[in-house]
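Use these hints to put chain B onto chain A, whose structure you have.
2 protein chains.
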Amino acid sequence: MEEKIYIIGHKNPDTDSICSAIAYAELKKKQGDKREIIPARSGDINDETGFILKKFNIDPPSLLKDATGKKIILVDHSEPKQRPENSDKGEIIEVIDHHNINFQQATPILFHAEPLGSTSTIIARMYFEKNIDIEKGIAGILLGAIISDTVIFRSPITTQEDKDIAQKLKPIAEVDDLEAFGIEMFKAKSNWKEKSAHDIINTDYKEYELGGKNIGISQIETVDTSNLKERKDEFIEIMEHMSKERNLDTIIVLLTDIIKEGCLAFISGNSLEQIGKTFGKEIKDNEIYLPGVLSRKKQIVPPLEKAFSQ
Amino acid sequence: MEEKIYIIGHKNPDTDSICSAIAYAELKKKQGDKREIIPARSGDINDETGFILKKFNIDPPSLLKDATGKKIILVDHSEPKQRPENSDKGEIIEVIDHHNINFQQATPILFHAEPLGSTSTIIARMYFEKNIDIEKGIAGILLGAIISDTVIFRSPITTQEDKDIAQKLKPIAEVDDLEAFGIEMFKAKSNWKEKSAHDIINTDYKEYELGGKNIGISQIETVDTSNLKERKDEFIEIMEHMSKERNLDTIIVLLTDIIKEGCLAFISGNSLEQIGKTFGKEIKDNEIYLPGVLSRKKQIVPPLEKAFSQ
Chain A
0 MEEKIYIIGH
10 KNPDTDSICS
20 AIAYAELKKK
30 QGDKREIIPA
40 RSGDINDETG
50 FILKKFNIDP
60 PSLLKDATGK
70 KIILVDHSEP
80 KQRPENSDKG
90 EIIEVIDHHN
100 INFQQATPIL
110 FHAEPLGSTS
120 TIIARMYFEK
130 NIDIEKGIAG
140 ILLGAIISDT
150 VIFRSPITTQ
160 EDKDIAQKLK
170 PIAEVDDLEA
180 FGIEMFKAKS
190 NWKEKSAHDI
200 INTDYKEYEL
210 GGKNIGISQI
220 ETVDTSNLKE
230 RKDEFIEIME
240 HMSKERNLDT
250 IIVLLTDIIK
260 EGCLAFISGN
270 SLEQIGKTFG
280 KEIKDNEIYL
290 PGVLSRKKQI
300 VPPLEKAFSQ
Chain B
0 MEEKIYIIGH
10 KNPDTDSICS
20 AIAYAELKKK
30 QGDKREIIPA
40 RSGDINDETG
50 FILKKFNIDP
60 PSLLKDATGK
70 KIILVDHSEP
80 KQRPENSDKG
90 EIIEVIDHHN
100 INFQQATPIL
110 FHAEPLGSTS
120 TIIARMYFEK
130 NIDIEKGIAG
140 ILLGAIISDT
150 VIFRSPITTQ
160 EDKDIAQKLK
170 PIAEVDDLEA
180 FGIEMFKAKS
190 NWKEKSAHDI
200 INTDYKEYEL
210 GGKNIGISQI
220 ETVDTSNLKE
230 RKDEFIEIME
240 HMSKERNLDT
250 IIVLLTDIIK
260 EGCLAFISGN
270 SLEQIGKTFG
280 KEIKDNEIYL
290 PGVLSRKKQI
300 VPPLEKAFSQ
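Quick mapping for you: the protein sequence lines, in order, are chains A and B. Everything in the first sequence is counted per numbering that gives the first Met the number 0, starting at 0 for the first residue and increasing by one. Everything in the second sequence is counted per numbering that gives the first Met the number 0, starting at 0 for the first residue and increasing by one.
If we strip away everything but chain A, and leave its shape as in the complex, we get (with noise of 0.2 angstroms):
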């Protein structure tokens, strides 16, 4: 036990960021790593995270603020922008995830990205072809991350795999109807009313550098937008705030309504009319109704990479 690996996930955790760091580093220890691994985290837990750590009794992550001469390994993530704080005093060792891909390194190190619903999917798949016993806890929290990331297999990002391995952890988990269980977890999630419009932006916040420009954009996934939408102003107000201190060229919430299938998104900043051309439709008072939209990473990241870059 003389050397220290911290496996972490994006900041603003989600559950799948959460989730995939302690699966993998248990994975790490039951295959004989003898190194000291440490499931690690860049920010506070959401209420969604913490009802299914809660239900399947598996302690949260520590907290790594600054990874300043740490050795790290990175899921669910591989850009600058959402890699724990000084990563670049500290050393990337393996990098696992599903997004979109920001990386240079010139030592080659293991690095698996893979276009499935949720990093929890690679790591459970690991579990499975390496014939290493999973323990209920991991299962269920695994379960909840390809659920969560896949907003209940809803949407465009969920692939057979996803379906596949979620089956697979179902009875290991001792889960009996994955739709009932994705439900509860999206309504312990979306108990706004007592939060502040900063922290229910800031519950998952992501920035990116597109064609040069800083843009940060926001996801709530909730199962009712209403209690949201009255509260416009509110967050218009903080997302200009956040623009300013942030340096960003635009600000993005998107308001995912994982029953209806759509996404309001709130945007405030300099690039309203690309972003409405990018999409065919008009920003109106800083509002745009997306339907059919429920993932950033795939229907909103690319097509602004795409415009952005022009």
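Source of the hints: derived by calculation from the structure; they are not laboratory data. In this text, a Cβ means the ideal position worked out from N, Cα and C, and glycines have one as well. Do not rely on the hints blindly, as some may be mistaken.
Examples of chain B residues lying across from chain A (beta carbon under 7 angstroms, computed) [said to hold, decoys possible]:
hint, residue
1, H98
2, N101
3, Q298
4, P301
Heads up, simulated SDA-like pairs for lysine to any residue below, C-alpha to C-alpha not over 20 angstroms straight-line [said to hold, decoys possible]:
hint, chain 1, residue 1, chain 2, residue 2
5, B, K80, A, T106
6, A, K80, B, A105
7, B, K80, A, N101
8, A, K27, B, E113
9, A, K88, B, A105
10, B, K297, A, K80
Then chain B, alone, in the frame of chain A:
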């Protein structure tokens, strides 16, 4: 057979780039991929690769000069500078590699890089993992590529997995003695006498962007450096010419003696002092000897990257 997919290695293709492209295309076909999968190359085949393809009776891949509008799978590289021309006007749909990583793409794709001795090791393992029969010829070229990239298992990039996979390929390829096969291969490649310094340098030449500077590094693996050393003036002249033409900060030519296990490096450009310091030696008359150095990827590029980014 609607869609055409090209599998292609880096510019100035070496044996691993050519053979992994052929073997990966074959694997995809055997897995029932319905698309038209075409192994391709970005440039001329070198003498070593030609020797291996002929020995195992495998056709060379077709030349793809321009990737505009093409769907491509990159093998054995991810660096923009090493991709085929106009790759940015085509679509990269997958990457399998064992080098440093330099990659940005907004659309998630399968990207698997692993610090093994060759890309062919990864491709061969896929055949074994998926229980897909390997034909003698394919086993032979994969084995040749592993032996080439690992310098008959002498290079520090060699892993236990490269050796294990080579041992599994050996009976299928009907090769009796890996060492003898390797020496035969490197001799086929060491036929420098009839070649111009320009052609020798460009046989395995790669460009890197290190700390904002363009550095060209050629590696010439040979069983005897003495004939090449005598032609130093001719080399330096060509190197100076290439530097101007390609806007290089510095150009390095590594004469790698695989028997003595070391590199004689010719170096020309602006950063001689910094490069000398990086390797703890003074560069005299554009020359430096690096004992024990066999791998550009592991022993040259990472220390230079570190030095140039400071």
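To see whether the hints hold, each was checked on the structure:
| no. | hint | in the structure |
| --- | --- | --- |
| 1 | H98 | 6 angstroms, holds |
| 2 | N101 | 5 angstroms, holds |
| 3 | Q298 | 11 angstroms, violated |
| 4 | P301 | 5 angstroms, holds |
| 5 | K80(B) <-> T106(A) | 17 angstroms, holds |
| 6 | K80(A) <-> A105(B) | 14 angstroms, holds |
| 7 | K80(B) <-> N101(A) | 16 angstroms, holds |
| 8 | K27(A) <-> E113(B) | 17 angstroms, holds |
| 9 | K88(A) <-> A105(B) | 25 angstroms, violated |
| 10 | K297(B) <-> K80(A) | 27 angstroms, violated |
In this structure, the hints that do not hold are numbers 3, 9, 10, in rising order.
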